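Work from the hints to combine the two standalone chains into their complex.
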Amino acid sequence: MTTTMETSAPEHLTKTSRGEAVTLLEAISEALFEEMTADESVFLLGEDIGVYGGAFKVTRGFLEHFGANRVIDTPIAEGGFTGAAAGAAHMGLRPVVEIQFMDFISPAYDVITNYIATSLYRGAGPMPLVIRGPVGGGNRGGPFHSQNVEMAFFHTPGLKIVYPSTAYDAKGLLKAAIRDDNPVLFEEHKGLYRAPALREVLPDEDFVVPLGKARTVREGQDLTVVTYGAMVHKSVEAADILDAEDGLSVDIIDLRTLLPMDDDAIVDSVKKTNRLLIVHEDTRTGGIAGEIAMRVSEKAFEWLDAPMLRVTAIDAPVPYSGSLEDYFLPQVDDVVKAARYLAAY
Amino acid sequence: MSDRDSYGLGRKELHELYRALRLTRTAEERLEILQKQGHVTGGLYRSLGQEAGAVGAAFALRRRDDGTGDFLAHTVRAAGALFLFGGDLEDFFRQYMAKGSGPTRGREANVHWFDFQKGFVGPVSPLGTMIEIMAGITLSFRLRGEERIGMVFYGDGASSTGAWHEGLNFAAVQRCPMILMVENNQWAFSTPTHKNTRVASFADKGPGYGIGADSVDGTDVLEVFDTVRRAATLVRSGEGTRMVELRYFRRLGHAQHDPQDYVDPALIAEWEKKDPLDQYRRRLINNEWATESELDAIDSEVFEACRVAAEKVIDEPKPHGPDAVDDVYTDVRVAYPWTRSEAPNPAAART
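Same order as they appear, the protein sequences are chains A and B.
Each residue of the first sequence is one higher than the last, beginning at 1 in this note's numbering.
Each residue of the second sequence is one higher than the last, beginning at 1001 in this note's numbering.
Quick caveat, the hints were computed from the structure, so don't treat them as lab data.
The structure presented is a predicted model; accordingly, all values stated were derived computationally and were not measured.
We put the CB at the ideal spot given by N, CA and C, even for glycine.
Incorrect hints may have been included.
Cβ-to-Cβ under 10 angstroms is the rule here; a few derived chain B residues that face chain A [said to hold, decoys possible]:
#1 Phe1071
#2 Pro1103
#3 Gly1136
#4 Thr1138
#5 Leu1139
#6 Arg1144
#7 His1165
#8 Val1173
#9 Val1332
Same shape as in the complex, but just chain B (with noise of 0.2 angstroms):
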């Protein structure tokens, strides 16, 4: 593979992961913007370093915005691939801003959100149940005779939980056409990998389940994404579940409050080396795929993208309190406290 295959993709294509890598960036940035101002709710868990792998993974999938494309469950650290099945921006921020005009309605945090229609699942915090949620939507698809498939990412301390080995075992039993995504970034919060497991490369893992796997460079935009193009290819015609570990390195915290002291620095700066946006950029204009101009411009639209939906969001108002009661189910609401709603009178009681 040389730095000058651009493996098929046409000019507006290598400018459309441009875009995508740079929006992942500048929508943490201004996520962090935003936390210091006291706008987020919760953690901010960062992508840097790893925009790539989410990136050309979800490049290389169907998308549509119908219900008849194939399916994503991102994590946190793959909101680069959200936004690419048509994760809406201002949506994001009203997420992380706890807002109840965001898709959830104040009911969750961050990435955690759906939309069956663009064809992605939010994760549950416990990331490994994702792996049995993946084989189930994907069951469906094989059961109607679709020709869809899934994706689900991951992280490497995931890859050690039992939900992950029973919903692996059951998609690779059923043959399930999905592919597991690990995202390997070396830290499963302080824990370091050899820790985790003893395999050396998690794509080893891929053999004890009877599955096909691969490794890759995951700060590679571009490789990342054929890799997954000819994995998915292999999975959309009927062999089944896969597995492409994504190999890099998370060069910040867990999230903004870990100032992961645990890390050699050394280990961080020659990670920076690597960074994804950077190598993908000279790549552009070294093969001359693209202008320092024309970089520029997308750098400057994203920037302003992020700058107003944040801004626009901000004001929304936070969700009503008494919503908390509704849909806990589809036909009986939940009791309000009673002391919520009325004085207590105990004469009233005896009555």
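The following block holds chain A by itself, in its conformation from the complex (with noise of 0.2 angstroms):
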């Protein structure tokens, strides 16, 4: 690009050189920042981006720093400025598109399951292309502001999925997802965005989290428990509860990637417990707790002790009333009953 900006970095997006702690907002605020300083072909495109900064302040101080021709408001056409971002990744640029609501997607479907996830296999090269937006419920935004969407796109070869849920594993994949040259829909549970007890001292280098590798979140003998983003937290709120009601340890396993999914770490876990639990936010029929079964059927029957099971959200749009809300999304006590199932089955 012609036009970088030399103007000295905003002091909100350098809070780890100076080793304070970032929320995970802030750590994806970094991790565009730090990329796009460090490359020349990364630019925004997006809603509300620029003058205002994002509907979250992700972008908050990045069209004053890298200038309009890097930080682009877009109209209000997640279709049009999806598919354009393609074109520019066509051209050896490395866009990432904000989707201002990751419910508003739905028009750049075509875009990105029919021309953008198939263009390699089609013979038209890599597409380096990011699309990250907020997800997840829990904020009474009711049904346009609250969805899940990985599962409307996990039917996609093409498209990997990463979906974070702490700061550092926010940062280092959002930086190898920029650095990809896959496709990657990347998705930020806003109910994490700026949660205290998720703020930490990130290590000031540069470090990336590799794409399609799962974390142990804590080491257990007696159950596993698949998930990933906000369920991540909730699964480890149980699991306390677990050890210390009923003595037992549960194996977590954070996917962090979806797609493609870390088979190994599932399956050395479902070996090493003969139980699973899988849990998510997203909804029940065809969530992604029925692929996952479905993998350790072919990949480890023979070690289950117990049918797998699942704990997810209802088979209903997003409620807006707390009271409804609460009841539609898992909590805690769903993943501690489940658990205690399983363990005595």
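Printed below as a string of structure tokens:
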């Protein structure tokens, strides 16, 4: 690009370099800022990301620092600007698209599934493109500001899907996604964006978290919980209760990347604990639990001592009122209850 | 515009235009033969009567083979533009015959192929999407300060899609240097234009996006060339996005499997009189820009080129089935179905 502006880095985007703790949202901002600084071909497209700094302020200060050619406020047309990002990626740029709320990604479904994810296979070359944005419920956002969209795209060969649960992973995974030559859908749970418990001091160095690798959140012997995103933290809460009240130790696997999935991490854990519980915030039917259970059936059926179970949201649109939404979403108690059932089976 | 106007083109260029028109027609006629012989995989979508639109438009752009020229997004009815941008004739036949030696190695059909050095990007079947893609390609030209422009073809039907609107609106706002080429052949499969839009001319859609638009007789190769050349100058000089409507008629069915019994034969006969190749040939002769024998020589040379290329490709191998798992990702190989590689043994699973 021809127009990088020479200004010093804004303070709120360089906390890590001063040894200060960052939230998950700040970790994402830092990842974007560092990648844009290191690589002039990285640029941003999205609604209200420039002058306003993004609906969640992920890109606050970016327009002033990088200029209007690298931080592009777009019309309200997710298909239009996601498709344009694909065209720019053909020409060697590395666009990062922000979907203001991932619920709004549907107009881009066509170009993502038919064009972007098939590009390499059709002989049109790599597609270094990240589509990122907030997902998830618990914020009383109602049906159109709360959805998880992974399973609408999970059935799309050629696409990678990433869903971090910690600030460290969010930064490392986003940097890896931007450097990846494949299209990546990057989901950010808005309930984790500013969660005080997730603030952490990150290494003051250039690090990435490789895509396609799960993380063992804690080691256990009695039961495996496979999960990702915000449900990692609810599963940890449940594991604490199970440890304290039942003496059960739970192996918790955070998938981090949903597509392609780290089968080995899941299978290794199941072979150790012989019991599998899958926890996801997304709705139940067609949720990722079905695919995980099938893979375990194919690769570790003989090691299972109990049926594979799942804790998920109910099969409904995301409701608005708190009492409804709390019932809709999987809760810590659901995880505890299912784990006790499996342990006693 | 007089029939005697050559729009500044010299004899060599006028002949080059003729050859591109003839090549489009003859290559497609060769495909019909190949299809009847069972060599073509999938549908065959003829451009009969539309050749001049693609050829005249592409001729007006800067065509290079080193990644510095203008960019084309063609359609299956704009093969002439693909050839002018350097699309190889043998590759054309390889694509239609789904050969492993073709540019997409059998993954994609007909003109759906790519060469970013020569400057063309093949379509996806929902063609409205290509407006979005070309908006991004030409956005990169603007962001990098390159004097390149793009041209995207699509039909009257694609003009009704949401992707068309979103891509065009984005391009117009961002002043992306591109020309939208509406191939108004009056039919979207069996759906006539009046069921696709209420505008009298597709050029009427331009002002709704704040862009300039022209409408041109798509059977007249020189008029198309001149119109697009002027549009390209404006686009290149910073005006941003423009639109050109090509008016003509699809004289054959949507594809060869479509007998188009929904079309009045009298209408087809009327448009036959405006055949782009015939009228251009008459013009070349009448203006003494070419002799009969010169044009006959071009016809023979093109016929031979198509015959030789097609025959060469016929015996080339189909792709290897297991290659279907390659190139889904740059760095991850998807799994083979386990039943394809070994005889399943239930006892082994329990060890």
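Minimum beta-carbon distance criterion (10 angstroms), B:Pro1103 to chain A: Hint on B:Pro1103: holds, closest Cβ of chain A at ~6 angstroms, below 10 angstroms.
Interface restraint verdict for B:Phe1071 against chain A (beta-carbon cut-off 10 angstroms): 9 angstroms, holds
Hint validity - B:Gly1136 Cβ closer than 10 angstroms to any chain A Cβ: 2 angstroms, holds
Restraint check, 10 angstroms cut-off on beta carbons, for B:Val1332 near chain A: At 5 angstroms from the nearest chain A Cβ, B:Val1332 passes the 10 angstroms test, so the hint holds.
Residue hint B:His1165, partner chain A, criterion CB-CB below 10 angstroms: Check passed: Cβ of B:His1165 comes within 8 angstroms of chain A, closer than 10 angstroms.
Status of the hint placing B:Thr1138 at chain A (closest C-beta pair under 10 angstroms): 8 angstroms, holds
Proposed interface contact between B:Val1173 and chain A, which counts if any beta carbon pair is under 10 angstroms: At 6 angstroms from the nearest chain A Cβ, B:Val1173 passes the 10 angstroms test, so the hint holds.
Chain A contact restraint for B:Arg1144 - C-beta distance below 10 angstroms: 6 angstroms, holds
Status of the B:Leu1139 interface restraint (C-beta, 10 angstroms, chain A): 6 angstroms, holds
In terms of the numbered hints stated before, the structure departs from none.
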